[in-house]
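The listed protein sequences derive, respectively, from chains A and B. Numbering (full-length UniProt numbering) for the first sequence: 1 to 108. Numbering (full-length UniProt numbering) for the second sequence: 1 to 814.
Hints should not be assumed to be uniformly reliable.
[Claimed, not checked] Heads up, incomplete: computed chain A residues facing chain B, CB under 10 Å, no partners named:
{"hint": "1", "residue": "Ile36"}
{"hint": "2", "residue": "Val63"}
{"hint": "3", "residue": "Pro96"}
{"hint": "4", "residue": "Ile97"}
{"hint": "5", "residue": "Leu99"}
{"hint": "6", "residue": "Glu100"}
Read the hints as simulated data drawn from the structure, not as lab findings. All residues carry an ideal CB built from backbone N, CA and C; glycine is no exception.
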Amino acid sequence: MNANATSVTWTAIGPLTDIPRQGARCVKNGAMTIAIFRTSDDRVFALEDKCPHKNGPLSQGIVHDGCVTCPLHNWVISLETGSAQGADEGQTATFPIKLEGGTVFLGL
Amino acid sequence: MSKQRLVIIGNGMAPGRMLEHLFDLTDAYEVTIFNAEPRVNYDRIMLSPVLSGEKSYADIIIHGEGWYEEHGITLHKGEKVVTIDRVERKVTSDKGTVVSYDKLVIATGSNPFIIPVPGHTLPGVLAYRDLDDTEGMIAASAKGGHAVVIGGGLLGLEAAAGLKMRGMDVTVLHLMPSLMERQLDEAAGYLLQKELEGRGIKVKCRANTKAILGTDKVEGVELEDGTVLPADLVVMAVGIRPNAGIAKDAGLEVNRGIVTDATMKTSDPDIYSVGECTEVGGMVYGLVAPLYDMAKIAAHALAGEATAGFKHQETPTKLKVTGVSLYSVGDFGEGEGREDIVLRDAARGSYKRVILQDNKIIGVVLYGDVADGGWYNEMLKAGKDVSEMRETLIFGQAHQGGGSFDPVAAAAALPDDAEICGCNGICKGTIVQAINDKGLSSLSEVRTHTKASASCGTCANSVENLIKAVLGDAFQQKAEGMCGCTPLGHGEVRRVIKAKELKSIPAVMQELEWSTPEGCAKCRPALNYYLISDWPGEYEDHQQSRFINERVHANIQKDGTYSVVPRMFGGLTTVEELRAIADVAEKYEIPTIKVTGGQRIDLLGVKKEDLLDVWSDLGDAGMISGAAYSKGLRTVKTCVGKEWCRFGTQDSTGLGVKLEKLLWGSWSPAKLKLAVTGCPRNCAESTCKDIGIICVDSGYQIVYGGAAGLHIQGTTELGTVKTEEEVLEVVGALTQMYREQGFYLERIYKWADRVGYDHIKSVILDNLEERRAYYERFLFSQKFAQVDPWAEFVSGKHAHEFHPMADLKLEAAE
Ligand code: SRM
Ligand SMILES: Cc1cc2nc3c(=O)[nH]c(=O)nc-3n(C[C@H](O)[C@H](O)[C@H](O)COP(=O)(O)OP(=O)(O)OC[C@H]3O[C@@H](n4cnc5c(N)ncnc54)[C@H](O)[C@@H]3O)c2cc1C
Ligand code: SF4
Ligand code: FES
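Starting from the given sequences, assemble the full structure and let the hints guide the process.
In structure tokens, the structure reads:
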């Protein structure tokens, strides 16, 4: 899903430490909300805050092993690919992230 | 033929074992033992669990009084041998007892080394060697205060952990740059240090003690760098020296220890030496495994039987600090021609290092994941060439043979003397025999009959594989694991959390070998609950392991908004509360206001960004969270009762309010709903609640185990009590018992079905002492639980939850 490198605009969205480990924060981009996840080993991922099932807010789910479990009906979504795991099918949009000197940049 | 006289100096672990072998081989000797300690033979290794309170002295006795009688042994307790007369062949004790010998065994062990810094003789400075030292530490810890442990080796750290568990403020001083440097390399030493610090033990490496301060007792410790630490107790655990003084005085050959040949014979053919005081093959030892070898060899020599003689073997080291897993064996220094293979798994806090020379393992250091220690050690001992598995060696036994590792087949292939349960020293052979002889078919049966996996429980998987290997299909599968991350069921997990005092989610996962690094949305909330319930005041709630409703203290709705339910104690409300609710609904444009089935008001459709303000306004009106989302106390429904109702027998509304005030804030395995009804007409529906009270003329009937959701079930009676105070105590105790035993998401009726209604009644209603104890534990835990989360959030806790991190369109506009 990553946009191709040349067309990406990087925007600083804040320090890594603003996001709880095994948690998420939201970034508003007009009408769209993007969920920024931080794993326990400090990897950061960005997904649209919308579950492919019934649009549940993924940012509110439990983060584990590179996935998030949706708070509404427990679908498990991969943070890296945005795809539903297991028997469920569906995919959420992902966005590139880079970390520079403790600051998180979101690529749009 | 009259018996030969065997005299033994010292009554420690080595000669104790020697005598067991000797009596198996011959009854040719009449035995006399002198022991400077005033007691029978006990397991010195287990002093650490005695110190920490996990065991008592009685638990660690190896040979009780009866054993000495049975074997006709004369034991001189509290008598120290001061001279050995080799010409007359007799020994003399400090109390003047003189005994002649035909054969003499010296087993005087070691002396703890005390650094002769100024102040080292002050009262309050202890070594760590025997029961007296241990009891001294326990007595000192009863007064609390500061303990300083000098020495960050095996003994020092076990002492530190024990003193910490006894509630002292503990600092470990270690001269070297990293802990246990003789057994661990720096990386593992660092992980260990972090673990100990995580438990609140302070560790100072490169700390050189200059003086112990104090006038008539210890008051502090001064370091070379000028730092002064307060101390009410100082434990010196800096090393041991073989106790060879009397042997030397008697003119025996003594080097570092009493020199013997491979049959444990000293330079005098009638005198043997075993244990830590002995030097054999140029080595002295400080762990029991080689001492037990010495004991066996000496017994054979005394019985006139030949053996292959003592051969040096590497002994693995483990640290007996509950919850810390480390394993080290062999040589891990850097050196010419040595190769290192290292595997770190930061997420699991594990570290493995195998040191090779000429394609053979010469040393192993494991921290965290120690399951393969025995396997590596077997290869080390056998001098096996490992070049074939060089690539996969570090991943352990499970990864050999092309990944198709079958743990059951591996269990079947183990030799009979392979140790399965390290805590209780149970070998495969013993377990297999028990399964076959007693017809056992489940883990719990094997545990009861053999003690395997009964202590720390980390070997439960291995035991189970062994049962499978023996029984094949006849094996009774135990309760399903709590989720895909572990084969262990909730009961097993709860048991081990208590037994091993695991106090964090990563610790549980590490210790119980979770198959995923971070668990899943099923097990994390369960573990978080177990830890909160088991360690009130100690465990810090892990927000990220809670379901969103509990994390933000409001119920998420299908459109991502939230519902807010303030508490109305016992269903009672006031003009001010109603007005505040109305104001809030108006101010934040809350679309729906509904009366719930739990006698209170639900505000539905609140935006997450507004939650803090809504709570703040409700808080100003004196309302707290109703916890309509919690696996914890929800509501206490009441009817109007005696105050108004023509049939009411007691103040059901008032009692409901009191119960809700007592119980609010508590977390439980599943939601907990109560009701108090004023007479058996039961308008508050007490008979379908988790716990219900039915007021009657003569008092209060307490019922429990009802449900009216997915499953409809009437309650079962617990009993009737006379006063409101008793109701509060019984309900508090019942709640606590459920909190301590319930499995996550198991409602009270399921728990009661599992453990038995009669059993619960016998504990909570009939046994006043147990009831009281449960109730007190409940009150203690409530001290930490009754914090209104809304107020906490309003005052700034977890503020990040409620605001976006950035608003890109806004920023662009600025
Ligand atoms: C609000 C309320 C309905 C109402 O409008 O009246 C309600 C709402 C919900 N109930 Fe309920 N239950 C409500 C009273 C009840 C009652 C009646 C009672 O408590 O007297 C029952 C039956 C009694 C019982 O619990 O046995 C009830 C049995 C359930 C069940 C089935 C539980 C079971 O073990 O069988 C669930 C599902 C669950 O918990 O897994 C449930 C779950 C829910 C959830 C939490 C569903 C969810 O997961 O989102 C609903 C949350 C709504 C919200 O956002 O506020 N609710 N629910 C009631 C809130 C009471 C309160 O003030 O706290
Ligand atoms: C706290 C602690 C934890 C330990 N943990 C472990 C562990 O986990 N694993 C492990 O392998 N090892 C451990 N050890 C070491 C192990 O306990 C010893 O190696 C073992 O007990 C030594 O046995 P021994 O028979 O040589 O001497 P000891 O058990 O020390 O017995 C010597 C006895 O001789 C008596 N004695 C001395 N001189 C005289 C005399 N002149 N006359 C009469 N009696 C005398 C002493 O009072 C003493 O009772 C630990 C030790 C301690 C203190
Ligand atoms: S059940 Fe009893 S107390 Fe309750 S309202 Fe009816 S009569 Fe009154
Ligand atoms: S909306 Fe995410 S699981 Fe249904």
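Here is what the structure says about each hint:
no.: 1; hint: Ile36; in the structure: 6 Å, holds
no.: 2; hint: Val63; in the structure: 7 Å, holds
no.: 3; hint: Pro96; in the structure: 15 Å, violated
no.: 4; hint: Ile97; in the structure: 12 Å, violated
no.: 5; hint: Leu99; in the structure: 14 Å, violated
no.: 6; hint: Glu100; in the structure: 16 Å, violated
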